[in-house]
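Asker: Taken in sequence, the protein lines are chains E and X.
Each residue of the first sequence is one higher than the one before, starting from 34 at the first, in my numbering.
Each residue of the second sequence is one higher than the one before, starting from 34 at the first, in my numbering.
Simulated from the structure, these hints should not be mistaken for lab results.
Treat the hints loosely; a few may be bogus.
A pair holds if it fits inside one copy or across any two, identical chains being indistinguishable in the list.
[To be verified] List of simulated lysine-lysine pairs, DSS-like, C-alpha gap at most 27 Å: (1) K296 - K379; (2) K336 - K226; (3) K442 - K424; (4) K442 - K226; (5) K194 - K336.
2 protein chains.
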Amino acid sequence: MIDPLKTLSEYARFPSVSTDPAYAEGMAQARNYATGLLEQLGFEVEVVETKLHPILLAERHRNPDWPHVVIYGHYDVQPADPFELWTSPAFEPTVREGRLYGRGTADNKGPTVVHMSALARVLEAHPDLPLNLTYVIEGEEEIGSPSMPEFFDRYAARLAKADCLLVSDTGSPNTEQLVITTGLRGLVDLEVKLRGPASDLHSGIHGGAVYNPLQALAEICASLHNPDGSVNVPGFYDEVLPLYDWERAELKRYPETEESYAKLLDVPGFYPANGLSPLEAVRFGPTLEFNGLGGGYQGEGSKTVIPSEAFAKITCRLVAAQDPHQIQDAVIAAIESRCPQGVHCKIRRGGVASAYLVVPPGRENTPADQGPVLAGAFDAAQAAIANHFGKPPLYLREGGSIPVIADFKARAGLDAVMIGLFTPLDNLHAPDESFDLGLMERAVPAFEDIFKALAGV
Amino acid sequence: MIDPLKTLSEYARFPSVSTDPAYAEGMAQARNYATGLLEQLGFEVEVVETKLHPILLAERHRNPDWPHVVIYGHYDVQPADPFELWTSPAFEPTVREGRLYGRGTADNKGPTVVHMSALARVLEAHPDLPLNLTYVIEGEEEIGSPSMPEFFDRYAARLAKADCLLVSDTGSPNTEQLVITTGLRGLVDLEVKLRGPASDLHSGIHGGAVYNPLQALAEICASLHNPDGSVNVPGFYDEVLPLYDWERAELKRYPETEESYAKLLDVPGFYPANGLSPLEAVRFGPTLEFNGLGGGYQGEGSKTVIPSEAFAKITCRLVAAQDPHQIQDAVIAAIESRCPQGVHCKIRRGGVASAYLVVPPGRENTPADQGPVLAGAFDAAQAAIANHFGKPPLYLREGGSIPVIADFKARAGLDAVMIGLFTPLDNLHAPDESFDLGLMERAVPAFEDIFKALAGV
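Please construct the entire structure, taking both the sequences and the accompanying hints into account.
Answerer: And the structure:
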């Protein structure tokens, strides 16, 4: 037996901050703790070394004819600073008003403990549960999963023997209305660096002759959207799949309105492109966003300078079925072709990630070859959520990116059932992160039902 | 007698950095030294208190019927840091290869010593020189002359009795070819501050719904120029006087080509607007320049954020006869009208200054009412420069701004004869500032001739 609250309180005590080498011991402690839980559940655990933080690959493979589910999670957490903004210390998990507070209690240790607690109960009742299971728990999710490509190089063939992926690393609007996430946006990262004159110039002595790199930057950046807000890059929308009617219908049931959303963000209005509503646009539409612009004098007051350099940090969010390499090439080509003659343009190619999309069973567009285990997992999840949370789940894409999910599909052919156990109250990546204990109490029996349904017991 | 080199070496030893309160003693020392020189020349010196650094107002008024010349200069200097880049200490004036090195040796203590040395020689030969003289030597030129408006409030009526202003605070291309500066550009300063959502947003979760303030910034800034490089603000050019034919002809004699200028700035080409050549555009054309843009993530790599805020620091250089208040209003109105609905726009109004233009005697466009003393000063300067430097001066406007010159005109009706004693080798405002001793040796007798001609002796 695994007691969920006690286990999560222990697991979240280890400061497993992957980005900061000072937390190497916390990383090792969390990894060892997760290893212990997996071994307690009867898994054979392989600690796969990487250049940074090892990946736990745990297997319970009994019979090649049984259904086979891969469960993905991560044992690393976001940095906890600023520490002074925490009500109770970030790495001393504390219960207050039905929530367990602490860094990582939600993202992603809470969901991992939910899965394992459910599995422990099922395995206790059914020691010979006819279900093959593989756990992949990595330690670098919060820093972009840099070791996963190499992991897939080595293990994709083994993972490809499984039937589907089970993940809880996405969100739901509240604890009453869970979401099964059907898609994630992809990502394209790049940075434009412009150089005009070799050094900063006095704008009185030289102003009027040279092309100011900041003017070039503004002109290039302004050219990247059309007046209607759509992205003005040739080919940008060519491969975008339209959203399905059922997706639009699901979103209508989402417990948020355009008005409540505007109030939340404190904006006077929304400006979505391509005929999407704002709530649609953040889930189903691709974007090109400026994350940072800079150049010239940044201090108080004024300084009459024509700067030598300017930069723009740009990311695109992609939707199915945009190819991130093609989009990166197209954006770069557009920028280079629009750079005025008086300015040198250099572009740093950042990382890219594909969007991910899965269509649950029984939809108009469900792939004809959808495997029975995946379909069964969706059905089981729907029934379990309806049963334990009172309402059937919503099936919605999410605007964020978890690149590794598309990689599981591309590298090992696995589609994902993503059951969102976070809510907006969890303060992910922020001070006072917490996990809802009421949700946990209902999620454990729900996952029990899911595992039993998958095993057919 | 005033020995120019010895005097400048003493005067430049006082660290009169006006912007830094730590140099209060250096300011007082330089002020006292200049006062001593003026008294030695027979002036009555009034130390006019201001909120910061006193202004020296020195008068030698003997007969209301004599010509009356005001000489303007400043005893404050730019900061000297970074000190480690100086070959010899900034405030230990040192002669090397025909130059006196030290902060302020050129800007503006050298020219002041040239004027005073010349005057000392003339007054020694002609103790009763029939010329009324007023010196205004301020201590805040390097910080924007903030006390001069109040000074004009008190003394404009007295200054208005004079006939013209004599200034040496502008540049010439080299020591062989002096320039009489006939115009200075004005200045309009403002800062655009945009706010979108109340706080920074995750570009995955919220991207596609809100108007990114950086996108709005780029679009607003890009709209401020036309494709041909001209400023796209209604009315911007309405009051611009065309440059005179004689100005174009003078510039043809300027010892710099488009090619040498491009090489100096290390730019692939020039992009002047309104049919001006690059060398014309920096002197005769108004501009709108971005001095700083910023917003969002400024560090290394990428961060997927939609920032809450963005800013643009903008200055315009104006030419005669643009009204700086009207231009500031027009630019602000254009920006406000182009700010998209999803973004709040606030504009900080910075300072403004008028452009200045004077037409020397004998030109097609010389004002019919140009006074004989001003005309005489131009003629005397031309003859003295031709005689002592071997070539007649060029008459050219300069791209920089010295707001106080337009104020002397607006507040006291005084036009200026600006004889440029700086050259590009002087490193103004930079380490290893220096003043050319060969130029000084020729400038002193040239100014002797000018003072004698003005007095008719």
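Asker: Is the C-alpha distance from K296 to K379 at most 27 Å within one copy, between copies, in both cases, or in neither?
Answerer: So K296 and K379 pass the 27 Å test across copies only (21 Å; inside, 40 Å).
Asker: Within a copy, between copies, both or neither: which one fits K194 and K336 at a CA-CA cutoff of 27 Å?
Answerer: Answer is neither; intra-copy 64 Å and inter-copy 36 Å both fail.
Asker: I want to check one pair: K336 and K226. Are their C-alpha atoms no more than 27 Å apart within a copy, between two copies, both, or neither?
Answerer: Both: 22 Å inside a chain and 16 Å across chains, each within 27 Å.
Asker: Between the shortest in-copy and the shortest cross-copy C-alpha distance, which are at most 27 Å for K442 and K424: within, between, both, or neither?
Answerer: neither (29 Å within a copy, 80 Å between copies)
Asker: Can you tell me if K442 and K226 fall within 27 Å by alpha carbon in one copy, between copies, both or neither?
Answerer: neither (35 Å within a copy, 45 Å between copies)
Hint compliance for this structure: hints 3, 4 and 5 are not met, and every other hint is.
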